[in-house]
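> Here is how the chains run, residue by residue.
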Amino acid sequence: MKFKSFLILIASLFALVGGILAVTAIGGGNVEHAFAFWGEHLIIAAIWLMLSLSLNLINGCCGLFSLGHQGFWMIGAYAAAATVKYLPPGGDQNWLGFILSFPIAVVAAAAFGLLVGIPCLRLSGDYLAIATLAFSEILRNLVENSEPLGKSLGLSPPNVIRNATTKNWNYAIYLVLAWAGAALTMLVLRNLMRSSHGRAIQAIRDDERAAELLGVNLTFYKVFVFVTGAAFAGLAGALFANFNAFVSIGHFSFNQGVMLVVMVVLGGMGDMGGTTAATIVLYFVGNVFLKWLPSINVPVFYDPTQGGVVWTEIRNLWQVFFSVLLIVVVLVRPEGLLKGIDLTALFKRRAPADGK
Amino acid sequence: MILVFGFMMMHGCGESGGANQALIGANLELTGSEASWGKDSQQGIELARDEINARPDQKIKLKFIFEDDKSDPGASKDAMKKLVTQDGVLAVIGAVGSSRTIPAADVATDEKVPLMTHAATNVTIVKRSEYVSRICFNDDVQGGAMAHFARATLKADSAVMIVGNGDPYSEGLCASFKRVFEAQGGKITEQLAYQKGAQDFKTQITSLKQLNPPVVWVPGYFNQVGPLIRQAREAGFQAPFLGADGWDDPQLFTLAGPAIKGNYFSNHFNPYGTDATTVGFVKKFEARFGTRPGAMAALAYDAAYAMADAVNRAKELKPEAIKNAINTIKDLKGVCGTITMGPDREVTKDVLILETGEDKYLFKELIKAADTK
Amino acid sequence: MIDFFTFLLIGLTVGCIYALIAVGYTMVYGIIKLINFAHGEFYMVGAFVGYYVLVLGFGAQIGGRELGLIPLLVATLAAGVATGVLAVIVERLVYRPLRKSGRIVALLAALGVSLFLQNAGQQTVGAKDRPFPNTMTLQRYPRFKLVAGDVKAGEVARRDISVVYSVPLEGGRLTLVENLAQRGNTISAESVEKLDEILRNAAREGVPAAIYAYPAVTVSNKDGIILIALALITLLLYLLVQHSRFGRAMRAVSHDFEAAELMGINVDRVIAGTFFIGAFVAGIGGTLGGGMYYSKLSPLMGLMFGLKAFVAAVIGGIGSIPGALVGGLALGIAEALVYGYVSFLYADAFTFGILILMLLVKPSGLMGKPSSDKL
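Residue numbers (our numbering), protein chains in the order written: chain G, 1 to 356; chain U, 1 to 373; chain Z, 1 to 375.
No lab work stands behind these hints, which were simulated from the structure alone. Be aware that one or more of the hints could be misleading.
Stated by the list, open to error - Straight-line distance between alpha carbons at most 25 Å, and here's what the computed DSS-like set of lysine-lysine pairs gives: (1) U:196 / U:155; (2) G:151 / U:330; (3) U:82 / U:39; (4) G:151 / U:196; (5) U:155 / Z:194.
Kindly generate the complete structure, drawing on both the sequences and the hints.
Here is the structure:
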């Protein structure tokens, strides 16, 4: 997708939220709470976007089916958290730690990208998927048992920005940082895919044997894709660790990984615009709109051992719906639901309603 | 579309409660692996809330908003944030599991809204800031009490510990048990472990038989301790198992079968107790919900009363004032003992040691707080 | 040394359960080159079907009478059939349309099915753990009969001693085992008192009670059932694959899909049949393993077991049925030995480590044929 449309997307999101805040203010609601609420979600959404775009590079553009992306995210997050927490001088305003946490996270994640990528060179398709999943789970197990990494309690590094400013400035600054990160990811990856390297990467996806015969260095590009994808996931991890001020292995579970894969699949493998749209839609629906669903109970099952009809709230069915969505998309439109969507057009249509 | 969102936000944020309503949040495990504890807690709170609001002298009515942390730390943080920033509550009760309460405590500290946990026992939780308090005894106290019990009453001079790997609750309790047990002259022969979600404990039990300790310390959750004890007895292992409040759930009996009898665990409350307070509470609870309350229900009930006490004494209905009132709670009689908030925002309570009978708990001993060091 | 044999036995039984699940993975992979991610969930569905058959069909109650072998058999077969049917439906609806679409797409679909079954399970049967109905009380063998006089307080027990007795219950009886002494420990006075009381009650009610001593290494009746089940299934699979027309068709399709089609084999039917058989076996594994053996059911129980069974299938050589059986047993035993002698903490890392090792070093597994497909 065009970078310009991406920027328009960001601008629209911000405008949308700004509008909500304005309406809240006029209506006499608590603007600060609203800002915190939406700010947090926008920041986390940006982090997810970085993750899905970087996974898109590996899975979608290069056709290497990785199920372990959450592992790279975890490495970056823990590396950043450990840096901010332990790097001397330490303390609540560890600016050195904060600044260094980003490059350290990126390098650490990239290193693991190398570690995972090289052995996986010889694997294809489903074997690669399982191997990457296995790597990610091994990492989780190791981190879970590591004393300096907090074991099961996780790490709570200080949020340096928060400690140096106020709550509201904290959100504002991270909004800028997170979306700058997302924009950077988008820019770099888009330029990469438009270059000759990008063509080589896509050639690998389309037909590996043919690409090899045409002189594409499979080894180099496969490893490169893993390392790059991992690096951006690491960057996302650094943002997450610093903003959330808490990382634990529960954050990086296989379920999260699956969510990322679904975002890439729904958006169309290799289509950055589609992936972006899918990520934003899925994130907000799953984390925001779902909670606003009225508390309606629906019957789902009949079970004498549970006393008859089993009811559940509609919002609990999201996960079930989600899995069905995945199946349906794969069956009906494997190129993804949102592939090729021109977001610029989408937002142009909306402009009048924005009141701009 | 913007108007719709804005409207919803306003609606959410505006409800900080009128002049005579106090909005309190509850961040509980309503779904997920520990859902029975969350549901128990919710029922305890609801029972208390209705009693409190029916009191003629209760000018400020309590209204509770329940959020589900799905038995997951990440979701707990989200739930806490929603309660605090979107719903604008004055204070929050919860969560049950320590791994869920820790991130909630971080949010409470950040947003300056008091969090009172009724059941999370990990010692680091309340150390985070003055906004986090606890009304039950913590893992240092529990672990110490059981260690004391093992040495003094069961006369065990050694023990084997089985820790739930990756579970801060289990790990914390193993640390405190070991400390006190060894301080009192006992020896921890070995520490075994099981993984979260494990079903097969036979390898651990084989090691256990070979080590042959007089007691085994298994401070885990009922859904794993139950099968573990069952498999141990099936293999012929005889020594008693010791545990902590994580055992407390009716499912302990069904998952362990008849093998469960003759073991001991520490708890905040004995649902089968025979004293007047307990019997009265159990009757009320059963009449309303049709099931016997567990310790979580009783603790949550007490927590709701503690919130009412704080709300009534607070200078104004703002989180900061509520926090100050919570931290100065004194001599509040509850179903699980008397609550007086110490300077470290912990309470001093005696520890109930219960013995598992075939289908209920039997009172074994009450260990005074002073003896748990 | 004694521990070694005990670990071996534990590993063997767990390995049998892995093998039962691995067989399904391997059969499906062998025939359409798909890793059916949802296979672990078939194990789970089997366990729940068995559960419901026993509870609703035979009136099982918690703490109630033992149901016995026949109900267990019925429940197990029902579970197998139901799971098999489910697999056929899934294949028809989801996998068949994707047969020509590439492996990644099919893998994604399998992922979707797996998630669906887990989440639907959580919303319908509930996420709470359930105990499996009691079909038989666990008994250890071999065992030597003792008389009450042999059990004296104050003596050091040379063997594990327990008393096995029945209590009459509504509709039947319940067998209970009370541990009296553990090898190497002193027999306590309380144990002897308990023994006397049990014998007295038994005599009064007219039900059997017997005292047994056990050697250091024992096998239980439940271990036996699982081992026998695996042996039976191995035999049946062998007969099916090597000596039946359907088996020949299966081998043909897995060898060369198009050629088989051209030879007039109804490939769709063969694939559906393969799915059925694989899931049938997994369903049996669910009822006997997750149900009878571990007695703990939950909608997420298939995750870990499924993943490990997959590792087992890879170890043995994916696509090879004997490989799945060997791989399952090998993994089970290896795990038990590592847990027993090395560490419990790095359990998952160990299993996944083996997986990665196999994939990198010998992707065709211990018994598979090297195939250029995998590279």
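> Each hint: holds or not?
For each hint, the structure was consulted:
no., hint, result
1, U:196 / U:155, "violated (31 Å)"
2, G:151 / U:330, "violated (36 Å)"
3, U:82 / U:39, "holds (19 Å)"
4, G:151 / U:196, "holds (13 Å)"
5, U:155 / Z:194, "holds (21 Å)"
In terms of the numbered hints stated before, the structure departs from hints 1 and 2, listed from lowest to highest.
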